[in-house]
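Residue numbers (my numbering), protein chains in the order written: chain A, 1 to 306; chain B, 1 to 306; chain C, 1 to 261; chain D, 1 to 261.
Be aware that one or more of the hints could be misleading.
Unchecked claim - Listed next, the in silico DMTMM-like pairs over lysine to aspartate or glutamate satisfying Cα-Cα at most 25 Å (straight line):
(1) A/Lys53 / C/Asp250
(2) A/Lys53 / C/Asp42
(3) A/Lys53 / C/Glu243
(4) B/Lys53 / D/Asp41
(5) B/Lys53 / B/Asp80
(6) B/Lys53 / D/Asp42
(7) A/Lys53 / C/Asp41
(8) B/Lys53 / D/Glu173
(9) A/Lys53 / C/Glu156
Calculated from the structure, these hints are not laboratory results.
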Amino acid sequence: MADLAVRVGTLALRNPFLLASGIWGESGESLAGAWAAGAGGVITKSIGSEPRKGYPNPTIETYPDGSLLNAMGLPNPGIDEYPREVEVARARGATVIGSVFGADAAEFARLATRLAASGIAALELNLSCPHAEGYGTEVGSDPADVEEIVRAVVREVRIPVIAKITPNSPDPAALAAAAERGGAAAVSAINTVRGLAIDTSLRRPVLAHGMGGLSGPAIKPVGLACVWQIYDRVAIPVIGVGGIATAEDALEYVFAGARALEVGTAVTQSGVAVFGRLAEGLSRRLDELGYSSVAAAVGAAHPARA
Amino acid sequence: MADLAVRVGTLALRNPFLLASGIWGESGESLAGAWAAGAGGVITKSIGSEPRKGYPNPTIETYPDGSLLNAMGLPNPGIDEYPREVEVARARGATVIGSVFGADAAEFARLATRLAASGIAALELNLSCPHAEGYGTEVGSDPADVEEIVRAVVREVRIPVIAKITPNSPDPAALAAAAERGGAAAVSAINTVRGLAIDTSLRRPVLAHGMGGLSGPAIKPVGLACVWQIYDRVAIPVIGVGGIATAEDALEYVFAGARALEVGTAVTQSGVAVFGRLAEGLSRRLDELGYSSVAAAVGAAHPARA
Amino acid sequence: MRTVVRVTERVVETPSTVTLRFPYPGPAAPGQFVMIWFPGDDELPMSLSYTEGASKGVTIKAMGTTSRNVQELAVGATVGLRGPYGNRFDLSARRVLVVGGGSGAAVLAPAAERAAAQGTRVTVALGATQSAELLFRHRFEEMGARVEVATDDGSEGTKGFVTSVAERLLTAERFDAVWTCGPEIMMQKVAVAAGALGVPVFCSVERHMKCALGLCDACALGPYHVCVDGPVFPAERLLPLAEFGRSHRDPSGRRVPFGAR
Amino acid sequence: MRTVVRVTERVVETPSTVTLRFPYPGPAAPGQFVMIWFPGDDELPMSLSYTEGASKGVTIKAMGTTSRNVQELAVGATVGLRGPYGNRFDLSARRVLVVGGGSGAAVLAPAAERAAAQGTRVTVALGATQSAELLFRHRFEEMGARVEVATDDGSEGTKGFVTSVAERLLTAERFDAVWTCGPEIMMQKVAVAAGALGVPVFCSVERHMKCALGLCDACALGPYHVCVDGPVFPAERLLPLAEFGRSHRDPSGRRVPFGAR
Ligand SMILES: Cc1cc2nc3c(=O)[nH]c(=O)nc-3n(C[C@H](O)[C@H](O)[C@H](O)COP(=O)(O)OP(=O)(O)OC[C@H]3O[C@@H](n4cnc5c(N)ncnc54)[C@H](O)[C@@H]3O)c2cc1C
Ligand SMILES: Cc1cc2nc3c(=O)[nH]c(=O)nc-3n(C[C@H](O)[C@H](O)[C@H](O)COP(=O)(O)OP(=O)(O)OC[C@H]3O[C@@H](n4cnc5c(N)ncnc54)[C@H](O)[C@@H]3O)c2cc1C
Ligand SMILES: Cc1cc2nc3c(=O)[nH]c(=O)nc-3n(C[C@H](O)[C@H](O)[C@H](O)COP(=O)(O)O)c2cc1C
Ligand SMILES: Cc1cc2nc3c(=O)[nH]c(=O)nc-3n(C[C@H](O)[C@H](O)[C@H](O)COP(=O)(O)O)c2cc1C
Ligand code: FES
Ligand code: FES
Numbered sequence: 001m002a003d004l005a006v007r008v009g010t011l012a013l014r015n016p017f018l019l020a021s022g023i024w025g026e027s028g029e030s031l032a033g034a035w036a037a038g039a040g041g042v043i044t045k046s047i048g049s050e051p052r053k054g055y056p057n058p059t060i061e062t063y064p065d066g067s068l069l070n071a072m073g074l075p076n077p078g079i080d081e082y083p084r085e086v087e088v089a090r091a092r093g094a095t096v097i098g099s100v101f102g103a104d105a106a107e108f109a110r111l112a113t114r115l116a117a118s119g120i121a122a123l124e125l126n127l128s129c130p131h132a133e134g135y136g137t138e139v140g141s142d143p144a145d146v147e148e149i150v151r152a153v154v155r156e157v158r159i160p161v162i163a164k165i166t167p168n169s170p171d172p173a174a175l176a177a178a179a180e181r182g183g184a185a186a187v188s189a190i191n192t193v194r195g196l197a198i199d200t201s202l203r204r205p206v207l208a209h210g211m212g213g214l215s216g217p218a219i220k221p222v223g224l225a226c227v228w229q230i231y232d233r234v235a236i237p238v239i240g241v242g243g244i245a246t247a248e249d250a251l252e253y254v255f256a257g258a259r260a261l262e263v264g265t266a267v268t269q270s271g272v273a274v275f276g277r278l279a280e281g282l283s284r285r286l287d288e289l290g291y292s293s294v295a296a297a298v299g300a301a302h303p304a305r306a
Numbered sequence: 001m002a003d004l005a006v007r008v009g010t011l012a013l014r015n016p017f018l019l020a021s022g023i024w025g026e027s028g029e030s031l032a033g034a035w036a037a038g039a040g041g042v043i044t045k046s047i048g049s050e051p052r053k054g055y056p057n058p059t060i061e062t063y064p065d066g067s068l069l070n071a072m073g074l075p076n077p078g079i080d081e082y083p084r085e086v087e088v089a090r091a092r093g094a095t096v097i098g099s100v101f102g103a104d105a106a107e108f109a110r111l112a113t114r115l116a117a118s119g120i121a122a123l124e125l126n127l128s129c130p131h132a133e134g135y136g137t138e139v140g141s142d143p144a145d146v147e148e149i150v151r152a153v154v155r156e157v158r159i160p161v162i163a164k165i166t167p168n169s170p171d172p173a174a175l176a177a178a179a180e181r182g183g184a185a186a187v188s189a190i191n192t193v194r195g196l197a198i199d200t201s202l203r204r205p206v207l208a209h210g211m212g213g214l215s216g217p218a219i220k221p222v223g224l225a226c227v228w229q230i231y232d233r234v235a236i237p238v239i240g241v242g243g244i245a246t247a248e249d250a251l252e253y254v255f256a257g258a259r260a261l262e263v264g265t266a267v268t269q270s271g272v273a274v275f276g277r278l279a280e281g282l283s284r285r286l287d288e289l290g291y292s293s294v295a296a297a298v299g300a301a302h303p304a305r306a
Numbered sequence: 001m002r003t004v005v006r007v008t009e010r011v012v013e014t015p016s017t018v019t020l021r022f023p024y025p026g027p028a029a030p031g032q033f034v035m036i037w038f039p040g041d042d043e044l045p046m047s048l049s050y051t052e053g054a055s056k057g058v059t060i061k062a063m064g065t066t067s068r069n070v071q072e073l074a075v076g077a078t079v080g081l082r083g084p085y086g087n088r089f090d091l092s093a094r095r096v097l098v099v100g101g102g103s104g105a106a107v108l109a110p111a112a113e114r115a116a117a118q119g120t121r122v123t124v125a126l127g128a129t130q131s132a133e134l135l136f137r138h139r140f141e142e143m144g145a146r147v148e149v150a151t152d153d154g155s156e157g158t159k160g161f162v163t164s165v166a167e168r169l170l171t172a173e174r175f176d177a178v179w180t181c182g183p184e185i186m187m188q189k190v191a192v193a194a195g196a197l198g199v200p201v202f203c204s205v206e207r208h209m210k211c212a213l214g215l216c217d218a219c220a221l222g223p224y225h226v227c228v229d230g231p232v233f234p235a236e237r238l239l240p241l242a243e244f245g246r247s248h249r250d251p252s253g254r255r256v257p258f259g260a261r
Numbered sequence: 001m002r003t004v005v006r007v008t009e010r011v012v013e014t015p016s017t018v019t020l021r022f023p024y025p026g027p028a029a030p031g032q033f034v035m036i037w038f039p040g041d042d043e044l045p046m047s048l049s050y051t052e053g054a055s056k057g058v059t060i061k062a063m064g065t066t067s068r069n070v071q072e073l074a075v076g077a078t079v080g081l082r083g084p085y086g087n088r089f090d091l092s093a094r095r096v097l098v099v100g101g102g103s104g105a106a107v108l109a110p111a112a113e114r115a116a117a118q119g120t121r122v123t124v125a126l127g128a129t130q131s132a133e134l135l136f137r138h139r140f141e142e143m144g145a146r147v148e149v150a151t152d153d154g155s156e157g158t159k160g161f162v163t164s165v166a167e168r169l170l171t172a173e174r175f176d177a178v179w180t181c182g183p184e185i186m187m188q189k190v191a192v193a194a195g196a197l198g199v200p201v202f203c204s205v206e207r208h209m210k211c212a213l214g215l216c217d218a219c220a221l222g223p224y225h226v227c228v229d230g231p232v233f234p235a236e237r238l239l240p241l242a243e244f245g246r247s248h249r250d251p252s253g254r255r256v257p258f259g260a261r
């Protein structure tokens with residue numbers, strides 16, 4: 001049986017499958033549920049300085065292939081309230097990875113310090129949230145911003161810091177390289193892909209916010225492309241996200257260069273039971289292909305390191 | 001019956017559905033075939049200075065939902081040979097729109113002049129081709145480059161110039177605005193979305209080139225988002241591209257702000273007969289919704305102009 | 001993947017409650033809900049108050065902004081629909097006590113209707129603020145159910161809470177199951193009372209909903225997600241939860257006590 | 001959406017031709033082709049030389065780089081497959097003349113085999129550079145076909161082109177159809193000869209292929225795309241085309257005369 005345990009920097013995971021941020025992430029009981037179902041770790045909803053209700057409904061649109069478009073608008077209970085949810089999950093043994101979002105380096109650093117105090121094992125920075133609403137740009141699309149934010153956070157916390165990279169960029173690997181320079185222990189890629197849906201009968205965007213983020217099967221090729229390019233550019237571990245629903249998807253990401261994986265939209269199919277199936281399926285597939293561990297398979301599709 | 005004829009700048013089209021560049025675009029007979037099947041206009045393969053064989057096979061990967069990943073590598077007969085294909089299509093009455101790609105403004109301008117001489121009705125600039133291979137960036141991802149290229153071309157030709165925008169950008173609307181400043185008569189969005197596929201049995205990327213471009217149903221939300229944002233930012237007409245396979249898809253694009261539409265991947269389903277079906281379906285749907293013309297419906301989903 | 005339909009019928013059920021009917025073919029079961037989008041306004045979870053045939057319906061009580069706005073919705077208005085979502089009432093019990101408060105009857109009526117048609121003996125304890133607000137009272141009667149009512153102001157039936165009617169019925173008669181929907185404190189009381197007598201209770205609960213796909217966590221209730229694990233829960237799953245009857249979550253995910261709603 | 005399979009059998013058919021067999025379940029018809037990927041090397045269109053059952057096969061003649069490399073491919077080697085693509089031979093004729101040159105027999109053999117099994121009388125005119133290169137000669141004989149051969153060097157049968165054998169057979173006997181695959185100039189000659197006698201001719205043609213989905217235009221031949229409209233065409237559609245027998249397109253899309261191949 002192939003060894004599924006992986007290390008992402010100093011973060012030890014019992015298996016590479018993490019609950020992605022924003023999925024089952026508002027309540028400690030839900031995080032604990034994903035852990036109990038077999039996730040290797042659980043990432044919290046992205047937490048900000050103040051409670052946010054998020055955008056009004058409709059916040060989600062579904063596609064026939066299982067892909068989703070969402071504009072939740074980063075609802076979260078705020079940094080004052082949220083640590084208690086982390087504690088609920090930790091009390092049930094979960095490896096909890098925090099996620100925060102902010103408008104600038106100072107806010108990220110402040111949030112990081114506060115969330116770190118709740119005992120999270122690592123911290124993911126959501127660098128793909130709307131910076132100035134309506135401008136269509138993101139705080140994480142400029143390498144200089146990314147580097148500055150990561151550096152500011154790394155200065156404040158002792159746990160591994162993971163920079164989550166946007167795919168809405170001509171060169172996501174440059175963003176990952178900036179995160180590495182800033183001291184990130186790892187990068188995760190990708191967050192959702194900018195998208196929109198229109199209801200033609202109603203002549204209006206389906207989502208109340210208009211613009212949304214695409215996730216699920218449709219973006220798997222996009223995520224794989226980002227992970228591939230990032231793996232070629234940085235030395236720190238890469239965490240693959242985007243459209244992972246089967247062990248085969250996971251293996252594509254591992255071969256492209258991912259050391260760990262996040263799973264979001266696939267949870268809609270049959271709940272967190274997906275984590276057990278993914279771990280079992282990946283282990284079986286690694287056995288078939290003759291790999292003794294996930295780590296041994298990371299990046300195997302790259303010619304230079306195959 | 002709703003009027004399907006549209007004008008994109010000075011370019012008059014009998015209906016808004018254009019054959020997208022790279023599809024049925026190498027031979028004049030094929031262009032003429034798409035025209036005969038009912039396309040409102042046909043865009044040539046992107047033509048460069050020299051003949052290019054393109055990348056070796058596999059150049060294409062298919063997905064269950066009909067989406068494709070391709071890395072053709074811009075095969076084309078070169079600017080010396082290609083004008084004869086335009087002439088074949090024009091002799092059969094087709095409204096032919098040329099497409100060119102180059103490494104810099106000077107090359108674009110040279111190609112534009114030569115292709116314009118073959119009697120094309122308009123010229124699309126493929127601003128989404130690999131600039132420096134392997135660097136993952138594109139000639140069209142910097143607004144300053146886009147403006148410079150468009151300006152150089154507009155100076156040389158009298159036909160409408162259309163700038164084709166990449167979605168692999170934090171702010172595609174900024175690229176469109178740059179094209180407008182440069183003098184473009186219209187912008188088209190989007191070209192393919194960067195993607196990758198890995199064969200896990202073979203432990204290698206499926207496409208010989210590795211990186212590819214995603215097209216078809218998976219990217220429709222991405223194209224819609226770009227068209228929406230561009231429509232809000234520029235005054236020149238927008239041409240929508242990406243995942244259009246049904247009249248309903250087309251209408252989403254029109255409501256998002258597209259005045260004309262390009263159809264690529266959908267041709268795999270049942271050939272160019274798709275053009276007749278799209279025109280008929282769009283006309284019927286416009287009638288149902290009480291629009292007398294395509295033009296009247298453009299951008300109708302935008303709150304300010306609804 | 002929404003269906004946009006036109007409202008074909010509008011019935012004012014009580015001064016504060018209106019039913020909207022619309023074509024929405026496909027199967028649905030009593031207990032399930034739809035996400036119904038009032039364009040320009042909110043998208044809300046609403047139980048199907050009519051589940052049979054192609055013409056479905058929802059019954060909306062004026063509570064907050066949107067639910068008040070849509071009281072005025074006319075026939076011909078367009079709404080967006082997705083679903084049905086969630087689980088259903090188990091209709092196998094032969095003698096059922098239905099306990100409804102406020103808009104709770106919206107989801108209980110189709111369940112009772114289908115059960116009654118199958119030969120189940122249905123008894124209804126129906127509560128409201130006042131006589132005119134007793135939702136689906138005649139609908140329950142028409143299906144052959146016995147209806148006992150309670151009103152806050154005593155304008156009809158027992159004055160006070162419907163829970164006291166329910167408790168009286170539970171001690172006086174034998175039931176195989178209780179189905180309840182209404183304020184959570186009401187459901188909790190009913191659950192405790194029936195539980196003490198060994199009668200299984202099924203509660204249809206509400207939580208803030210966004211995705212309705214079991215993804216966003218907005219509707220988390222203990223270890224459950226009301227949108228996919230519910231909305232119908234056996235009371236024994238709910239009673240151990242610290243939140244049941246006490247707190248819910250606002251749209252930001254903060255835990256809010258029920259009083260503070 | 002490729003299937004990766006292992007080669008289960010390798011048969012050296014002639015000094016320059018090898019057949020690879022592999023599991024590839026699903027339907028396929030004589031005339032269709034697959035895109036077969038030799039990892040690390042090219043992906044090429046190849047007619048299925050075995051179309052029945054789960055074990056399919058291709059028969060590859062050493063022509064250029066990849067087709068030469070894969071002559072050495074061993075049992076157990078992995079290849080990627082997509083398809084089958086393209087149309088098929090119409091097998092309804094009762095007396096068929098099959099005219100094959102070079103690797104053309106690869107696509108003609110399964111068609112003849114299935115037709116013969118249905119009771120069609122099959123006559124084969126088979127050409128090659130030399131006796132040892134006569135592809136599937138025994139396979140044709142085993143299915144009960146009459147085989148007449150021509151070799152460039154006269155090492156067996158008529159010395160010279162297979163077209164002269166075909167022309168002789170066409171004038172001497174009655175056929176309902178001619179199926180042909182081989183060098184385009186050969187097919188053109190056969191088409192003209194049979195056409196003059198009123199016998200319909202079906203040609204399996206080759207063009208450079210990339211997508212095999214009717215999209216990229218690499219395989220354009222007049223108004224047709226060989227990958228979806230072909231590879232089998234009635235000769236009367238091909239004969240009017242300026243390109244047929246004269247030019248094809250290289251991978252860049254340039255028109256290249258056949259000699260310059
Ligand atoms: C499964 C389910 C079934 C329901 N069935 C019915 C029904 O049949 N009839 C009926 O009248 N009501 C039903 N509701 C309640 C309904 O969804 C709304 O909560 C109610 O109509 C108030 O909405 P509002 O926009 O007017 O309130 P607002 O002014 O927006 O807010 C008032 C309160 O309404 C609730 N609310 C608002 N938005 C939502 C939301 N997206 N999800 C859940 N609660 C929300 C919150 O508690 C909020 O504090 C159901 C709720 C759920 C979860
Ligand atoms: C529908 C179809 C069925 C075919 N069936 C068979 C068969 O059963 N047996 C067989 O031996 N050959 C078959 N071929 C030919 C085969 O695909 C190759 O052309 C041939 O094997 C030479 O390939 P190469 O890579 O060795 O040549 P290269 O060294 O790459 O080039 C030599 C020539 O091969 C041709 N070629 C190369 N790549 C392609 C391509 N992607 N598509 C088409 N032609 C190409 C070109 O004309 C080129 O000039 C078929 C071709 C087509 C289009
Ligand atoms: C409903 C929803 C909410 C999300 N919320 C967040 C979030 O708060 N923070 C974040 O970094 N990513 C968020 N994401 C992005 C996911 O974590 C993930 O990057 C993306 O969905 C791609 O993975 P998937 O295809 O497996 O869903 C959200 C995604 C969805 C679908
Ligand atoms: C096989 C293929 C080749 C393409 N070649 C070109 C090209 O040469 N120039 C160009 O501007 N776009 C090219 N494109 C992009 C299309 O024109 C179009 O922008 C994209 O495919 C999205 O539209 P679709 O989803 O309708 O296919 C190509 C796309 C495909 C699938
Ligand atoms: S509403 Fe999103 S999980 Fe239930
Ligand atoms: S091979 Fe692409 S169109 Fe035929």
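Broken hints, by number:
8 and 9
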